[in-house]
Amino acid sequence: MLALTFMNGARRRLTSNLNAEASFRRKFDCLTFDSFAQSLAKRRSAKLTDEMRQQAEELGQFHGPCFLACELLNDVEVRRWVARTYPLVLVDEAQDLDVHRQGIVLGLKECCTTVVAADSFQCLSDGQETADFIDRLLRAGTTHTLTQSHRTNKAGLLAAALAVRNGEDIRAVLNEEAIGKTNRVHWIGEGIELVEVPATARNSGLLAWNLAFQLRLGSDDVALLTPDSANTIIRNAIGTVASKQRPWPHNAFSVSWEGGDSSVADELAEAIGFPDTAPYDEVCALLEEHSAQPMVKTVIRRIRRLQRVTGQSEFEKAQLVSFISDAVRTNTRLGFKKSAKIKAMSIHGAKNREFDRVIVLWPQSATGSDEHKRRLLYNAMTRTKNHCTVIVLGTGRLNSAPFAP
Amino acid sequence: MHIHRLKVSGLRGIQNADITLGKHSVLVGPNNNGKTTIVEALALLLGRDRLVRRLTEHDFYQSRPIETSRILIIATISGFPENDPQHSPSWFAMGRGGVEKWLNPATGDLAASADGEHTDLSVQIAFAARYDLQELEAETIRFFVDDEATLGDPFHDETSYTQISSKTLQELGFFMVPASRTWDKWISFTSELFRRLVATLGGLPATAIRDARERLWEPEVGQRLEEQDGLTAIVEQANSELGKLMPSSPRLRLRITGTDSNSVLESVVPHFAHGDGPTLPSARHGTGLTSLQSLLLLMQFGKARADANKSFVLAVEEPELHIQPSQQKRLVNRLNALCDQTIVTTHSPLVAAMFPVEATYFVDNDDGQMSVSPLSKTAPAGPTNHKQHLFFAWRQKLIAALMHQRVLIPEGISDVAWLEALQTALELRQSWDSPEDEQSKFSTFVGVVPTDDAKIAETHDVVRRVHHHCAILVDGDQAGRDYLAELNAADPSPSAAIIWQTDWKIEHVVAWIAEANLALVLPQLAEANSTAIENAAELSAFLESRKSYAPTQEITSAILMGESACRKRAAQLLNALCDTLLDPSVQSSPLFVRETEDGAVMPTFRFEPPDDV
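Heads up: the sequence lines are chains U and B, in that order. To convert, note that position 215 of the first sequence is 215 in our numbering; the numbers rise steadily by one, no gaps. When you read off a place in the second sequence, starting at 1, and then add 1000, the result is the number in our numbering.
Heads up, a few of these hints could be off.
[Stated by the list, open to error] Cross-link-like lysine-lysine pairs, in silico, DSSO-like; alpha carbons within 27 Å at most:
1. Lys1167(B) to Lys27(U)
2. Lys1397(B) to Lys1023(B)
3. Lys1007(B) to Lys47(U)
4. Lys1441(B) to Lys42(U)
5. Lys1397(B) to Lys1441(B)
What the hints contain is simulated information worked out from the structure, not anything from laboratory work.
Only chain U is shown next, with the shape it has when bound in the complex (with noise of 0.2 Å):
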């Protein structure tokens, strides 16, 4: 079986959900389409033809191989030779593909069983047209409607998520309540709690503090999702929540941002400090003194190998550097950068995954049409298993989308 995925955080999680499954297990291959168009591009690149190619390198890295699999994918002959290998397909989260990507499930229905999951409505690229892809995929063979949620059972949660996905008052599905002795008001329900902080730029601080409320509130694995990364509000907020400050009475909290690989490889190109070129020694040298490193270790091996099968011996500074970020990013992309208990990063980034407690950070700054606001909400309260925290900057925002029609 082949199964596809868009991004490489999905086909980890994927590969380890199918490998929990006796009947899969190590019957599959788990790709992204990326690499699994690479390879069918460049092993039948002999079917190609100089306008695919042309419109390949237009299409730049990130489109033009998929391009040419959904190209390649219309010659019988390559259908079944894929279908050999791969007589049954598994996609997920068919939303979220381009219209490349997507001429290759359509290609590969062809020759493969596929099986294909979607939900429109967690599409996040505002704008994206995905209304014909479903559409054909729908005329194209059975659908399932799954409507069971596995992730989690909380009643109030799930009222809330679907009141967001059909476009009404979310909190007409939640009890108002009085936060402790105050004369504010919080909206709660089994496994969801939705609350205003009219935090501003000048005052921060108060949402640091409802945020520092939140997380004393306990569990391992917690995620900060937000739908602007950049906003500096939550930025400031979470800084602080994660260094220790008079007059908190509280430690500080462990908070860490995902994503920045290549601040990572930066980082680490600079401590070590390559000359413009080096011969094949003093690179040498010079690598072993961060060989504490695995992504250093990687890259002396690398180094190593290149000079034992092409005699290379002199190096300079841009091959070495790349070299690193190769090894950055093949250390993310194998999930074995560590993972901190709290994690904060956008919703985009939270696609996917789940988490035990989620603690949603809705700024001002959140643009899109309506219709946008509510996918992004309703992606980012599915993510819960057990409870969800709807956090809105500044007051009165409860009467518009994403919280009301």
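Chain B: place on chain U using the hints.
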């Protein structure tokens, strides 16, 4: 399935080779020019590692590999059932198989998609090796070639390739019989081939083996070796010492074989019995039977595969080893009938002559550049008399000649006969104390091609296509000069041309040899031929009159070579001829005067006997 085309580069003496094979092919050529390397290349590629030694520096071209040195062997395999990839899923699949290619059987071109001319489904597989200068070991991979043009270096980290599993390779059913036939090893359980054969055909006689094992491991009381006279004393003393050193008091037992099933199997030695004679181990039988063991087994294996509709490709080195000519013929015919494809290398013109001319490949290795050409590209349909003689009646002689480093085409049949007769008679006279100047190296280096009278140009045309060092020998008359002119204009022209002295034919040359001691040999010649011969002139005239009578040449040569002075002259002539052919760029030699200028397309030499008669 069969192998259509093989490309080899960087392996031993081969820098580059590109060989197209037919259903049944025989490879011939001078010694040491790479025939065995080609067969071993197939073995390396198709996974029969155990038949080939581990790779060392000497396996890389020029024996001094650097980091970037590579051995690369690429084969195009064709003949898939129904020409449909669906029937051969292990060869054509995305994750673990190769890419479909469509072969044009007429031209050998490969296309990415099938069409009117590209009709045969094929795949390309490769073997690559590099030498690691730090580990002092070769690293090897076997993989599918998706696109030969963009192959790149498979060892580079950034190149991705799809490996071929040995199981898939086994579907081709390639087996090799190497030239060194090891004696006891073939019909024995140490032989992989034998074990596989047994497994395929009937399975191991497990019960019998286990019973034998039991008996050998726990013999009955009274049967045990350690209880026999002569051994009991030693065993008891040994046990006593052991008991003092080790608390568990181990007791010595003597057993035949290592008492596990494997040891029992490995101790099986093949024996043969002739008629009512005794049963003797195979090593004590004649070489023929021993040598045939391996082929015997392979035939069984081939039959089993054919019965199961599986492919069987056999490469045999020197099938003529140890067996008589008639057996050789039967063997080769049987092999060709039973295998999907056979590739034979041989030193026997008889074996080579059993293959049609379009399947006889002449291997030429010019300083690493190997070229392999069939004797004739197509089967000669309705051949002319001349071609009929050359390719059919005289095929063995033709092939025998082509196996030499240099090839000489004389004008007619009698020239061929004389050269042979003189050479043979001279060699028969060789003894340990023959002086240097009576020894000839002509037959070591030069092969003489049989040719019809007046057909020298046509013969040259055929031979020059497969052998690049091909010279002509013509009479010193006008006809001879005409031939020189005709062949000088040919493209390609002969690598050298020899012409006898003006108006001389070979019979005159023989008379010149006789003149070394005319007084002695003339009476003998006259008597042996029952004619009166008074002088040299009459001798040459007589010989010419008898040119198509074979015994004349033999008898005359025998008498001449009986005389020391004549031997010297004959040797001098043949050696000078040989030297000239070996290096036509020389200015002149004692007997042959150069007629053409330096750098001439066809260096021409004229025979001029020295004036010391």
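Exercise for the section: Given the hint that Lys1397(B) pairs with Lys1441(B), test it: the Cα-Cα distance must not exceed 27 Å. Expected result: holds (19 Å)
Handout entry: Restraint check for Lys1007(B) with Lys47(U), where alpha carbons must lie at most 27 Å apart
Key = OK: Lys1007(B) and Lys47(U) at ~23 Å, within 27 Å.
Problem - Lys1441(B) paired with Lys42(U) [C-alpha distance capped at 27 Å] - result: Violated - the C-alpha atoms of Lys42(U) and Lys1441(B) are around 58 Å apart, more than 27 Å.
Handout entry: Distance restraint between Lys1397(B) and Lys1023(B), which requires alpha-carbon spacing of 27 Å or less
Key = With Cα atoms ~24 Å apart, Lys1397(B) and Lys1023(B) stay inside 27 Å; holds.
Handout entry: Agreement of Lys1167(B) and Lys27(U) with the hint, judged by alpha carbon distance not exceeding 27 Å
Key = The given pair, whose Cα atoms are some 19 Å apart, holds under the 27 Å limit.
In the structure shown, a violation is registered for the earlier hint numbered 4 alone.
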